[in-house]
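**Student:** I would like the entire structure built from these sequences, with the hints used as guidance.
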Amino acid sequence: MSSSPANQPTPPLAPPTHVGGNLQAGIDVGALFTKVLLLRNGKDVVGTDARPTTMEPEKLAREMVDGLVLRLGLGKNDLSRIIATGQGRRSIGFARGARTEITAFARGAHLLRPDVQVVVDIGGQGIRAMRLGEMGIVADFRTNDKCSTGTGCFLDTMATALEVDMENAGELSMGSKTPETVSCTCTVFAESEVVSLVAKGRDKQDILAGLNVMVSKKVRAMINSMGSHGVVMVAGGVAQNPGVIKSIRELVDREIVVPENPRFLGALGAAAMVAGPSTSSGGEDAPVAATQAENARSFLRALFGGERG
Amino acid sequence: MITAGVDLGSTYVKCVVMKDRKRVGHAVMPTGHDHDRTSRDVLGKALGMAGLSGDMIDRTVSTGYGRRVTSLADETISEISANARGVRWVGSKYNVRTIIDIGGQDTKVIALDQNQQMINFAMNDKCAAGTGRFLEVLARVLDVPLDDLGKMSMRSDDPVDITTTCLVFAKSEVANLIFAGHSREDIIAGIHRAVARRLVSMAKKVGVEREVFFDGGPARNPGMVQAMERELGLKMVVPELPQIVTATGAAVLAAESLASK
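Sequences listed follow chains G and B, in order.
Those letters in the first sequence? Residues 0 to 308, by numbering that gives the first Met the number 0.
Those letters in the second sequence? Residues 0 to 260, by numbering that gives the first Met the number 0.
If you're looking for bench data, these hints aren't it; they were derived computationally from the structure.
Heads up, some of the hints might be wrong.
To be verified - In silico DSSO-like links for lysine-lysine, alpha-carbon gap of 30 Å or less:
1. 199/G - 216/G
2. 217/G - 204/B
3. 217/G - 125/B
4. 145/G - 21/B
5. 260/B - 245/G
6. 145/G - 204/B
7. 176/G - 245/G
8. 260/B - 234/B
9. 145/G - 58/G
10. 260/B - 21/B
11. 170/B - 216/G
12. 203/G - 216/G
13. 170/B - 199/G
14. 170/B - 203/G
15. 125/B - 203/G
16. 170/B - 217/G
17. 234/B - 204/B
18. 125/B - 21/B
19. 216/G - 145/G
20. 245/G - 203/G
21. 216/G - 204/B
22. 44/B - 260/B
23. 145/G - 170/B
24. 125/B - 92/B
25. 18/B - 125/B
26. 216/G - 245/G
27. 92/B - 21/B
28. 125/B - 58/G
29. 217/G - 18/B
30. 125/B - 176/G
31. 260/B - 125/B
32. 125/B - 145/G
33. 92/B - 199/G
34. 234/B - 216/G
35. 92/B - 44/B
**Tutor:** Here you go:
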């Protein structure tokens with residue numbers, strides 16, 4: 000997600016309704032990672048950063064936003080507005096508004112691919128699914144943050160048990176031809192099961208592939224609960240794992256699209272919201288004017304990387 | 000007539016030796032990796048307590064999740080049946096109508112009719128919340144020995160709310176609670192209350208009727224018992240040796256199956 004090519008024509012966006020600069024920041028404070036994305040003029044992605052969430056999320060987010068702005072050679076005054084999302088969104092006092100991750104992911108997905116009907120966010124501590132209706136407005140959603148199975152936490156726990164670096168786990172699992180069956184559904188019990196599979200000499204890549212199947216089954220259940228048969232976008236940190244995506248594609252009989260930087264979809268959605276006219280800070284976002292969304296979309300597709308696969 | 004009941008649980012193996020349907024020996028050992036070997040060791044220990052030898056045993060019944068992996072057993076029986084039979088033996092003085100049996104890796108609620116026959120049951124072995132594992136893992140996070148949880152939580156008068164359900168998330172939550180300066184006593188009391196709430200909501204689906212019998216390893220923990228009684232709003236029957244009720248049931252069933260031959 001590099002900065003915008005200089006030769007792109009300026010889209011006929013509606014005149015800015017804000018004063019004081021042309022950058023919009025989206026901050027997604029997740030359970031495990033905080034993601035920040037900067038947009039320029041509500042359309043060009045000009046910076047991203049992701050760092051582990053700390054006990055002081057506001058301080059961390061401030062540092063990340065300032066760092067990105069500074070890298071562009073700009074100052075705080077160039078930030079027109081800042082919107083926070085994610086489960087820690089309320090702790091970001093300097094943000095001008097807070098939106099649920101449901102709204103943010105939906106907005107991000109609709110901007111990248113207007114034909115997306117279902118969005119699944121596989122995050123560090125929860126899985127969320129949303130069904131998008133007219134103009135990308137959320138028609139229905141379901142969240143599961145009671146159980147860690149299938150989340151980033153789940154895969155982290157298993158990678159540790161397998162003594163595999165999480166970064167490589169996805170690639171490693173792709174080589175499996177015969178995924179192991181992991182029968183326990185609970186992360187805690189499955190961890191013991193994985194340890195005993197290793198003790199029995201089973202192949203790590205087959206165990207990893209079996210764990211990906213567990214994630215996929217959970218994701219499939221969430222997708223099915225949305226009752227739509229259209230295009231599904233899978234995002235969130237876990238969507239960075241190619242093994243999980245491969246397994247979801249094998250298990251779910253739908254068109255599955257994944258944005259190039261799936262962990263930033265929530266931050267993108269939050270940042271994109273501020274580009275539209277907003278009624279008041281902190282409230283629900285007003286719908287972005289259709290033409291404006293369409294303009295932003297064509298540019299984001301080019302600049303954010305569109306989608307993969 | 001000498002019989003033995005061996006209960007191979009996920010965390011501990013329990014054994015009871017009976018002579019003419021009276022308990023004469025019992026033992027408990029961590030399950031370890033070799034279930035068969037552990038079951039032999041634990042039987043040896045129980046026999047030692049009874050002053051008996053292995054060749055004197057007339058019949059052995061195994062139960063629990065590892066019941067099929069021991070070579071000791073003449074017969075296997077489900078832990079639900081063994082537990083219900085054990086409660087009839089241990090709690091014969093009481094009109095037990097509900098059994099709440101909390102294990103290391105699962106939890107069962109059994110409803111009995113007036114004749115103490117099983118009429119319904121529920122089992123959770125899908126999720127670590129509401130099992131002994133929840134207490135075991137969080138005790139480690141708190142750096143408190145499992146056996147000290149009870150007496151420490153009894154000193155709390157302000158249990159902390161544990162808001163997460165999943166044990167994986169609860170580990171982080173407890174770590175954060177320690178960091179935020181809450182006392183271990185209040186955190187432990189909060190953990191007991193969280194487990195009790197899950198167990199009681201499960202029990203209510205099956206139907207709670209007095210007397211309520213509470214057994215399984217975590218029933219040895221007086222803080223857990225207190226939290227359960229608060230959530231249920233009634234006093235439960237808690238046996239002196241709650242961990243070996245199911246093994247006792249298996250030993251009684253071994254005697255009954257001999258008698259019926």
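**Student:** If a hint holds in the structure, say so; if it doesn't, say that too.
**Tutor:** Here is how each hint holds up against the structure:
1. With a C-alpha separation of about 25 Å, the suggested pair residue 199/G and residue 216/G falls inside the 30 Å cut-off, and the hint holds.
2. About 25 Å separates the Cα atoms of residue 217/G and residue 204/B, which keeps this hinted pair within 30 Å; it holds.
3. At most 30 Å may separate the alpha-carbon atoms for a hinted pair to count; residue 217/G and residue 125/B meet this at roughly 14 Å.
4. Between residue 145/G and residue 21/B the CA atoms are separated by roughly 45 Å; this puts the pair beyond 30 Å, and the hint is violated.
5. For a cut-off of 30 Å, the pair hint linking residue 260/B to residue 245/G is broken: about 58 Å separates their Cα positions.
6. With a C-alpha separation of about 20 Å, the suggested pairing of residue 145/G with residue 204/B holds against the 30 Å cut-off.
7. As the CA atoms of residue 176/G and residue 245/G are separated by approximately 13 Å, the hinted pair is consistent with the 30 Å bound.
8. Pair hint residue 260/B plus residue 234/B does not hold up; C-alpha atoms about 40 Å apart against a cutoff of 30 Å.
9. Of the pairs offered as hints, the one joining residue 145/G and residue 58/G holds, with about 28 Å between alpha carbons and a cut-off of 30 Å not exceeded.
10. Straight-line distance between C-alpha atoms of residue 260/B and residue 21/B comes to about 20 Å, which keeps the hinted pair within the 30 Å bound.
11. A hinted pair counts as satisfied when its Cα atoms are at most 30 Å apart, and residue 170/B with residue 216/G qualifies at roughly 25 Å.
12. Distance check on the hinted pair: residue 203/G and residue 216/G sit about 20 Å apart at the alpha-carbon level, within 30 Å; holds.
13. About 28 Å separates the Cα atoms of residue 170/B and residue 199/G, which keeps this hinted pair within 30 Å; it holds.
14. The hinted pair formed by residue 170/B and residue 203/G meets the criterion: a straight-line CA distance of about 26 Å does not exceed 30 Å.
15. Between residue 125/B and residue 203/G the alpha-carbon distance is near 24 Å, which keeps this suggested pair within the 30 Å criterion.
16. Between residue 170/B and residue 217/G the alpha-carbon distance is near 22 Å, which keeps this suggested pair within the 30 Å criterion.
17. Of the pairs offered as hints, the one joining residue 234/B and residue 204/B holds, with about 19 Å between alpha carbons and a cut-off of 30 Å not exceeded.
18. Distance hint between residue 125/B and residue 21/B is unfulfilled; the C-alpha atoms sit about 35 Å from each other, more than 30 Å.
19. Restraint check: the Cα-Cα separation between residue 216/G and residue 145/G comes to about 17 Å, which is no more than 30 Å; the hinted pair holds.
20. Under the criterion of a C-alpha separation no larger than 30 Å, the hint pairing residue 245/G with residue 203/G is consistent with the structure, at around 17 Å.
21. A threshold of 30 Å between alpha carbons decides the hint, and for residue 216/G with residue 204/B the separation of about 27 Å falls inside it, so the pair holds.
22. Among the hinted pairs, residue 44/B with residue 260/B is consistent with the structure: their alpha-carbon atoms are about 29 Å apart, no more than 30 Å.
23. Of the supplied pair hints, the one linking residue 145/G and residue 170/B holds, its CA atoms being roughly 13 Å apart against a limit of 30 Å.
24. For the hint pairing residue 125/B with residue 92/B, the CA-to-CA distance comes to about 34 Å; that exceeds 30 Å, so the pair is violated.
25. For the hint linking residue 18/B to residue 125/B, the alpha-carbon distance of about 37 Å lies beyond 30 Å, and the restraint is violated.
26. For the given pair, residue 216/G sits about 13 Å from residue 245/G by alpha-carbon distance, which is consistent with the 30 Å threshold.
27. Of the supplied pair hints, the one linking residue 92/B and residue 21/B holds, its CA atoms being roughly 15 Å apart against a limit of 30 Å.
28. At roughly 39 Å between alpha-carbon atoms, residue 125/B and residue 58/G are farther apart than 30 Å, so this suggested pair is violated.
29. With a C-alpha separation of about 51 Å, the suggested pairing of residue 217/G with residue 18/B is violated against the 30 Å cut-off.
30. As the CA atoms of residue 125/B and residue 176/G are separated by approximately 28 Å, the hinted pair is consistent with the 30 Å bound.
31. This hinted pair does not check out: residue 260/B and residue 125/B have alpha carbons roughly 38 Å apart, beyond 30 Å.
32. Between residue 125/B and residue 145/G the CA atoms are separated by roughly 13 Å; this keeps the pair inside 30 Å, and the hint holds.
33. As the CA atoms of residue 92/B and residue 199/G are separated by approximately 47 Å, the hinted pair breaks the 30 Å bound.
34. Of the supplied pair hints, the one linking residue 234/B and residue 216/G is violated, its CA atoms being roughly 42 Å apart against a limit of 30 Å.
35. Pair hint residue 92/B plus residue 44/B holds up; C-alpha atoms about 29 Å apart against a cutoff of 30 Å.
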